[in-house]
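Asks: As given, the protein sequences belong to chains A and B, one line each in that order.
Using the working numbering, the letters of the first sequence correspond one by one to residues 252 to 551.
Using the working numbering, the letters of the second sequence correspond one by one to residues 4 to 208.
Treat the hints as calculated values from the structure; they're not laboratory data.
Take these hints with a grain of salt, some might be off.
Facing chain B, from chain A, some residues (calculated, C-beta under 8 Å) [stated by the list, open to error]:
1) Pro351
2) Arg355
3) Pro435
To be clear about the criterion: a stretch of chain B counts as covered by chain A if any three or more of its residues have a C-beta under 8 Å from a C-beta of chain A, and this derived list gives those stretches [stated by the list, open to error]:
4) 7 to 16
5) 49 to 55
6) 185 to 195
Label pairs and their calculated CB-CB ranges [said to hold, decoys possible]:
7) Asp442(A) x Gly173(B): 27 to 37 Å
8) Thr69(B) x Pro532(A): 38 to 48 Å
9) Asp91(B) x Gln536(A): 47 to 57 Å
10) Gly477(A) x Val183(B): 51 to 61 Å
11) Arg534(A) x Glu106(B): 29 to 39 Å
12) Arg143(B) x Asp438(A): 24 to 34 Å
13) Trp102(B) x Pro469(A): 37 to 47 Å
14) Arg534(A) x Pro171(B): 28 to 38 Å
15) Gly400(A) x Gly38(B): 44 to 54 Å
16) Asp190(B) x Val261(A): 48 to 58 Å
17) Pro532(A) x Asp60(B): 49 to 59 Å
18) Gly382(A) x Glu36(B): 16 to 26 Å
19) Asp519(A) x Ala29(B): 46 to 56 Å
Don't be surprised by glycine CBs; every beta carbon is placed ideally from N, CA and C.
Chain by chain, the residues run as shown.
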Amino acid sequence: MSTGRFVEVVRSGALSTVQDLGRPGHAHLGVPRSGALDRPAHLLANRLVGNPADAATIETTITGVSLRVGQAATVAVTGAWAPVTVNGRPVGWSAPVSVPAGARVDVATAKRGLRSYVAFSGGIAVAAVLGSRSTDLLSGLGPSPLAVGDRLPLGEVAGPPAPVDVAPTGTLTEETTLRVTLGPRADWFTDDAPGILTGAGYRVSMLSNRVGMRLEGPALPRRIGGELRSEGVVLGAVQVPAAGTPVIFLADHPTVGGYPVIGVLHPDDLPLAAQAAPGTPIRFQIVEGARKGPFLYRKR
Amino acid sequence: MRIIPVGLRALLVELPEPAHTHALVAELDRRRERGELPGVEDVVPGELTVLVDGLDDPAGLAAQLTAWRPTSVRPPDGPLVEVPVRYDGADLAEVARAWQVPEEEVGRIHSAPEYRVAFCGFAPGFGYLTGLPERYHLPRRAVPRTRVPAGSVALAGGYAGIYPRDSPGGWQLLGRTDLVLFDPDRDPVALLTPGTRVRFRDVGR
Numbered sequence: 252m253s254t255g256r257f258v259e260v261v262r263s264g265a266l267s268t269v270q271d272l273g274r275p276g277h278a279h280l281g282v283p284r285s286g287a288l289d290r291p292a293h294l295l296a297n298r299l300v301g302n303p304a305d306a307a308t309i310e311t312t313i314t315g316v317s318l319r320v321g322q323a324a325t326v327a328v329t330g331a332w333a334p335v336t337v338n339g340r341p342v343g344w345s346a347p348v349s350v351p352a353g354a355r356v357d358v359a360t361a362k363r364g365l366r367s368y369v370a371f372s373g374g375i376a377v378a379a380v381l382g383s384r385s386t387d388l389l390s391g392l393g394p395s396p397l398a399v400g401d402r403l404p405l406g407e408v409a410g411p412p413a414p415v416d417v418a419p420t421g422t423l424t425e426e427t428t429l430r431v432t433l434g435p436r437a438d439w440f441t442d443d444a445p446g447i448l449t450g451a452g453y454r455v456s457m458l459s460n461r462v463g464m465r466l467e468g469p470a471l472p473r474r475i476g477g478e479l480r481s482e483g484v485v486l487g488a489v490q491v492p493a494a495g496t497p498v499i500f501l502a503d504h505p506t507v508g509g510y511p512v513i514g515v516l517h518p519d520d521l522p523l524a525a526q527a528a529p530g531t532p533i534r535f536q537i538v539e540g541a542r543k544g545p546f547l548y549r550k551r
Numbered sequence: 004m005r006i007i008p009v010g011l012r013a014l015l016v017e018l019p020e021p022a023h024t025h026a027l028v029a030e031l032d033r034r035r036e037r038g039e040l041p042g043v044e045d046v047v048p049g050e051l052t053v054l055v056d057g058l059d060d061p062a063g064l065a066a067q068l069t070a071w072r073p074t075s076v077r078p079p080d081g082p083l084v085e086v087p088v089r090y091d092g093a094d095l096a097e098v099a100r101a102w103q104v105p106e107e108e109v110g111r112i113h114s115a116p117e118y119r120v121a122f123c124g125f126a127p128g129f130g131y132l133t134g135l136p137e138r139y140h141l142p143r144r145a146v147p148r149t150r151v152p153a154g155s156v157a158l159a160g161g162y163a164g165i166y167p168r169d170s171p172g173g174w175q176l177l178g179r180t181d182l183v184l185f186d187p188d189r190d191p192v193a194l195l196t197p198g199t200r201v202r203f204r205d206v207g208r
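Only chain B is shown next, with the shape it has when bound in the complex:
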């Protein structure tokens, strides 16, 4: 673990493996509830980092955290969300070629594993999902699209994701879902939060 100051009021904690980020976030939540983290506004997990922003005493927390040991290596199970997908995305043929499988196989491969939200970002409700076997990892598109429609199910690098709203984007588009990922009038506002488990279900074209 390495703890780096970020400006005057934040710390970035680097962790050796993704599972530790979940454990640290849970630990920080516990300390926050006990009132031990005055001023904290945001705790933002990344893949191998946790950002703690809004600290009154960053050096104090840094000193405290050196004594902390991750208690659970396996992240706690979040709720399971099932995502129905029509696998008819604009990049389906390209992904099938890259995976060297027929187009019909892409949905089966993509919907086979159980995914987990590692962290959020890019847009409200956009979760970075881990769980796709490494041999299916693909780079981003060389030229990003200026508009990716809301509900697009996509992948890039080691991640799968779902675009919550129309936005620019460079991920490979596999299909789409009608599921509403983010709704500020709903509680919870985001369907996919860090730790949430996700299963994609192929509902045909």
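Excised from the complex, chain A in its bound form:
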């Protein structure tokens, strides 16, 4: 077997992609932001192996991934909690682990959470597209999802691994509470729509992906029935398509949308949404905007 600065995909899992901090700044050209869905977990994985924040990691979905390293490296797995082994031996999760050349790193099916992040010292060094190495499932920019046999180059090691055995992380729970600020199109819905949204009747649908988290549950009734003219939408927007069941826009979301957005997730809750597996009960909690009270300016 050849050695070198690469990782080879032995088992790709349900969906494993290369992710970094994404490609913001191109939305006016129709280019999604993309990037790691659980950004804190991605950043932690990079810190643990001594990478800068903008290095690329591998984001897995539910069933993990198996990778063989060409050369000795440091690896860390964060995000969804999953058993991690090196050459079949259990090693630490959320911890820097030294692996020898030719070693096989296995991330098993997540026991809690949905997406794990696998960082290697040096970072995944595939070619950047518009300043990012992220795979964008909506527009097809960046590398294709990992397939068995793929070889991914690693970059130059930037710094030593973090001097910790295990990094503390938040706890993933059985139910996910997501804070939402109402707007920009909350006025397109009836007065009882916010109450239905917060009524705890939603679950994450199997049809969710990196583009959006689809929900199962009650439809939100509209007050204005007409068509919305397409307008820019943000990460974390809770958009309500014609059928009435909300969809939460995740990193690969389209840059403009034609359905009204009833509210927007608190940015600190995006990682919770990223880790909510299909079937997870979702509770929405409406919170105030950045300033006390709503601000709405009108001018003739």
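Add chain B to chain A, keeping to what the hints say.
Replies: Just chain B, lined up with the frame of chain A:
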């Protein structure tokens, strides 16, 4: 003008007419270059809206913008892009019927006006082109296609557009072009950006 908060870090500005969106985007670009919009990541025009995302102080910008007056009603002229089209699309007969003209006339009608990119979205490099006279506006197809080939020239509602890559889509297909609309290795990556003027040229079947 109405300014609506979008989450904690963005504003959606509603404007009374499409020309004002161009003026506001130009104004925001100027302020950005002067360093007056800290944190801004994206300025996304829609038809009658501009989304400003990544603001450190959305309330501050909202307060500033209430004093702003659109300076130019006519949007600034962007570059002119000529798009050669073979008018042999899958929906040509249907469009001709809806317009009540012979099929041969569809290309002439479609290529007559000068269009302008109002905004982008749907896919990288997909521009929503305005300029088609209202009597030729048509609804989307009732059932969208699962695959529309790259280069397809299409229309729906009041817009014309060109699919930059193979994708699902519900617009009426008039023809196709070999022009590459989006190439991440090219500078600029997108041929059609907001404000760009577009002329379609009928190059036969």
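Asks: Given the hint of 48 to 58 Å, check if Asp190(B) and Val261(A) actually sit that far apart at their C-beta atoms.
Replies: violated (38 Å)
Asks: Against chain B, run the beta carbon of Arg355(A) and see if the smallest gap drops under 8 Å.
Replies: Check failed: Cβ of Arg355(A) comes no nearer than 33 Å to chain B, outside 8 Å.
Asks: Given a hint of 29 to 39 Å, does the C-beta separation of Arg534(A) and Glu106(B) actually sit inside it?
Replies: violated (56 Å)
Asks: Does 38 to 48 Å hold as the CB distance between Thr69(B) and Pro532(A), or does it fail?
Replies: The hinted range 38 to 48 Å holds for Thr69(B) and Pro532(A), with Cβ atoms some 42 Å apart.
Asks: Using a Cβ cutoff of 8 Å, are there at least 3 residues of the segment 49 to 55 of chain B near chain A, or does the coverage claim fail?
Replies: Since 6 is at least three, the answer is holds.
Asks: Per the coverage rule (Cβ-Cβ under 8 Å, at least three residues), is the segment 185 to 195 of chain B covered by chain A?
Replies: holds (count 4)
Asks: Can the suggested window of 37 to 47 Å be confirmed for the beta-carbon pair Trp102(B) and Pro469(A)?
Replies: holds (43 Å)
Asks: Could you say whether the range 27 to 37 Å given as a hint is met by the Cβ separation of Asp442(A) and Gly173(B)?
Replies: 33 Å Cβ-Cβ, so the 27 to 37 Å window holds.
Asks: State, for the Cβ atoms of Gly477(A) and Val183(B), whether the hinted interval 51 to 61 Å holds or is violated.
Replies: violated (36 Å)
Asks: Is 46 to 56 Å respected by the C-beta to C-beta distance linking Asp519(A) and Ala29(B)?
Replies: Since the Cβ atoms of Asp519(A) and Ala29(B) sit about 34 Å apart, the hinted range of 46 to 56 Å is violated.
Asks: Taking the least C-beta to C-beta distance, is Pro351(A) closer than 8 Å to chain B?
Replies: At 37 Å from the nearest chain B Cβ, Pro351(A) fails the 8 Å test, so the hint is violated.
Asks: Using the beta carbons of Arg534(A) and Pro171(B), state whether their distance is inside 28 to 38 Å or not.
Replies: holds (33 Å)
Violation of the numbered hints given earlier is confined to hints 1, 2, 10, 11, 16, 17, 19; the remaining hints are satisfied by the structure.
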